[in-house]
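Participant: Now for the letters of each chain:
Number of protein chains: 2
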Amino acid sequence: MNDIEKLIQIMGRLPGLGPRSARRAVLHLMKKRDSLLQPLIAALDDVHRNVRSCGICGNLDAADPCAICRDSARDAGALCVVADVADLWALERIGIFKGRYHVLGGVLSALDGVGPEQLAIAPLLRRIEAGGISEVILALGATVDGQTTAHYLADRLQGLDLAGGRLTISRLAHGVPVGGELDYLDDGTLIQALKARQKL
Amino acid sequence: MNDIEKLIQIMGRLPGLGPRSARRAVLHLMKKRDSLLQPLIAALDDVHRNVRSCGICGNLDAADPCAICRDSARDAGALCVVADVADLWALERIGIFKGRYHVLGGVLSALDGVGPEQLAIAPLLRRIEAGGISEVILALGATVDGQTTAHYLADRLQGLDLAGGRLTISRLAHGVPVGGELDYLDDGTLIQALKARQKL
Numbered sequence: 001m002n003d004i005e006k007l008i009q010i011m012g013r014l015p016g017l018g019p020r021s022a023r024r025a026v027l028h029l030m031k032k033r034d035s036l037l038q039p040l041i042a043a044l045d046d047v048h049r050n051v052r053s054c055g056i057c058g059n060l061d062a063a064d065p066c067a068i069c070r071d072s073a074r075d076a077g078a079l080c081v082v083a084d085v086a087d088l089w090a091l092e093r094i095g096i097f098k099g100r101y102h103v104l105g106g107v108l109s110a111l112d113g114v115g116p117e118q119l120a121i122a123p124l125l126r127r128i129e130a131g132g133i134s135e136v137i138l139a140l141g142a143t144v145d146g147q148t149t150a151h152y153l154a155d156r157l158q159g160l161d162l163a164g165g166r167l168t169i170s171r172l173a174h175g176v177p178v179g180g181e182l183d184y185l186d187d188g189t190l191i192q193a194l195k196a197r198q199k200l
Numbered sequence: 001m002n003d004i005e006k007l008i009q010i011m012g013r014l015p016g017l018g019p020r021s022a023r024r025a026v027l028h029l030m031k032k033r034d035s036l037l038q039p040l041i042a043a044l045d046d047v048h049r050n051v052r053s054c055g056i057c058g059n060l061d062a063a064d065p066c067a068i069c070r071d072s073a074r075d076a077g078a079l080c081v082v083a084d085v086a087d088l089w090a091l092e093r094i095g096i097f098k099g100r101y102h103v104l105g106g107v108l109s110a111l112d113g114v115g116p117e118q119l120a121i122a123p124l125l126r127r128i129e130a131g132g133i134s135e136v137i138l139a140l141g142a143t144v145d146g147q148t149t150a151h152y153l154a155d156r157l158q159g160l161d162l163a164g165g166r167l168t169i170s171r172l173a174h175g176v177p178v179g180g181e182l183d184y185l186d187d188g189t190l191i192q193a194l195k196a197r198q199k200l
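The listed protein sequences correspond, in order, to chains G and Z.
Its first residue numbered 1, the first sequence is counted upward by one per residue in UniProt numbering.
Its first residue numbered 1, the second sequence is counted upward by one per residue in UniProt numbering.
There's no promise every hint is true.
Heads up, the list lumps identical chains together, so a pair's fine if it works in one copy or across two of them.
[As the list claims (entries may be wrong)] Once the Cα atoms are required to be at most 30 Å apart in a straight line, the calculated DSS-like pairs of lysine-lysine come out as:
#	residue 1	residue 2
1	Lys-6	Lys-98
2	Lys-31	Lys-6
3	Lys-98	Lys-195
4	Lys-6	Lys-195
5	Lys-98	Lys-31
6	Lys-98	Lys-199
7	Lys-31	Lys-195
8	Lys-32	Lys-6
9	Lys-31	Lys-199
10	Lys-6	Lys-199
11	Lys-32	Lys-199
12	Lys-195	Lys-32
Think of the hints as simulated: they come from the structure by calculation, not from any bench.
Just so you know, these numbers come straight off a predicted model, no measurement behind them.
If we strip away everything but chain G, and leave its shape as in the complex, we get (with noise of 0.2 Å):
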């Protein structure tokens, strides 16, 4: 294999690459030497010198621990749970919440054989019988996988004997997304949106 064929390979295993177009890709770069096949290998080059897992949160950062660990201005006692780096960015981006992140790695899935040792929970458990969490956000998506593993950390989170108090555990809501119309709705959003309907 020459490396052409070696790196269009390599390109093909990024999700959302298939064979062809990882193959346009390599063009592309191979076309845009100096604009973007070098500055790419030296984006690369930095990200795996510089970043690194956060090792409180897991969050993806140059410092460990991470600049929102370290931020002494953000609210220690509220804890977000994610299961991914991607939520915890998507959340970031909305900018409402200030307190701390736990991200799990990914969720509970018997068909992926996913347990909770794959995950970061025991960690998460952890932090909170350290103390000084008052409020956990499950933060979870709205999936059977997702919502499975919300119960799971409510029960093992309501098991804990805490010594300073009451924890509260909540998780996003459900409902009718904002611009969706109902008539597109799945039943099961539309059952969720209607339980929890707030007065006005």
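Given chain G's structure and the hints, the job is docking chain Z onto it.
Facilitator: Using the frame of chain G, we list chain Z on its own:
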């Protein structure tokens, strides 16, 4: 902008990847540092250092002239003109054509401002004027721009004053794609297929 954001921005400039899929790809790379990120950096580096354009045909290879141009078992008298290296690879995959290639680097396009000067047309004419080539296959896409380019090239080639006799110029056949249903075929293709019908 931090290292990760920079990498996501550069990855998002690859064809087939938008900002969202670039983010996903980068997170995937971070999860598979040893099995994907490191091999990707090495493969990009190898390609950057080793692969170059063939000075004769425009193919990408570790050597210049490329393996196809150096292969004396291939018919130097037959030249297949393609728009891009990807087309050359597609033809090599079927393994039927045993001549040499000429990569134009695109097709004429009034809309995108691509004129004959932007393509490797002058080098193509020089190759043919140098003699030894008896057949030219214009293997360009059956798009408006591809066919415009093929007609333009046919005109230029027929206008050449060749010492060594006649030059056969052909294009790929148009017709019903193998496995194609007539019912789903566009009118243009059906007209071409009917006009070029073949005796059994």
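Participant: Taking the hints in turn, state whether each one holds.
Facilitator: Hints and how they fare:
no.	hint	verdict
1	Lys-6 with Lys-98	between (45 Å within a copy, 25 Å between copies)
2	Lys-31 with Lys-6	both (18 Å within a copy, 21 Å between copies)
3	Lys-98 with Lys-195	within (29 Å within a copy, 70 Å between copies)
4	Lys-6 with Lys-195	neither (54 Å within a copy, 44 Å between copies)
5	Lys-98 with Lys-31	between (44 Å within a copy, 26 Å between copies)
6	Lys-98 with Lys-199	within (27 Å within a copy, 76 Å between copies)
7	Lys-31 with Lys-195	neither (56 Å within a copy, 39 Å between copies)
8	Lys-32 with Lys-6	both (19 Å within a copy, 17 Å between copies)
9	Lys-31 with Lys-199	neither (59 Å within a copy, 44 Å between copies)
10	Lys-6 with Lys-199	neither (60 Å within a copy, 45 Å between copies)
11	Lys-32 with Lys-199	neither (57 Å within a copy, 48 Å between copies)
12	Lys-195 with Lys-32	neither (55 Å within a copy, 42 Å between copies)
This entry does not satisfy hints 4, 7, 9, 10, 11, 12, going by the numbered hints stated previously.
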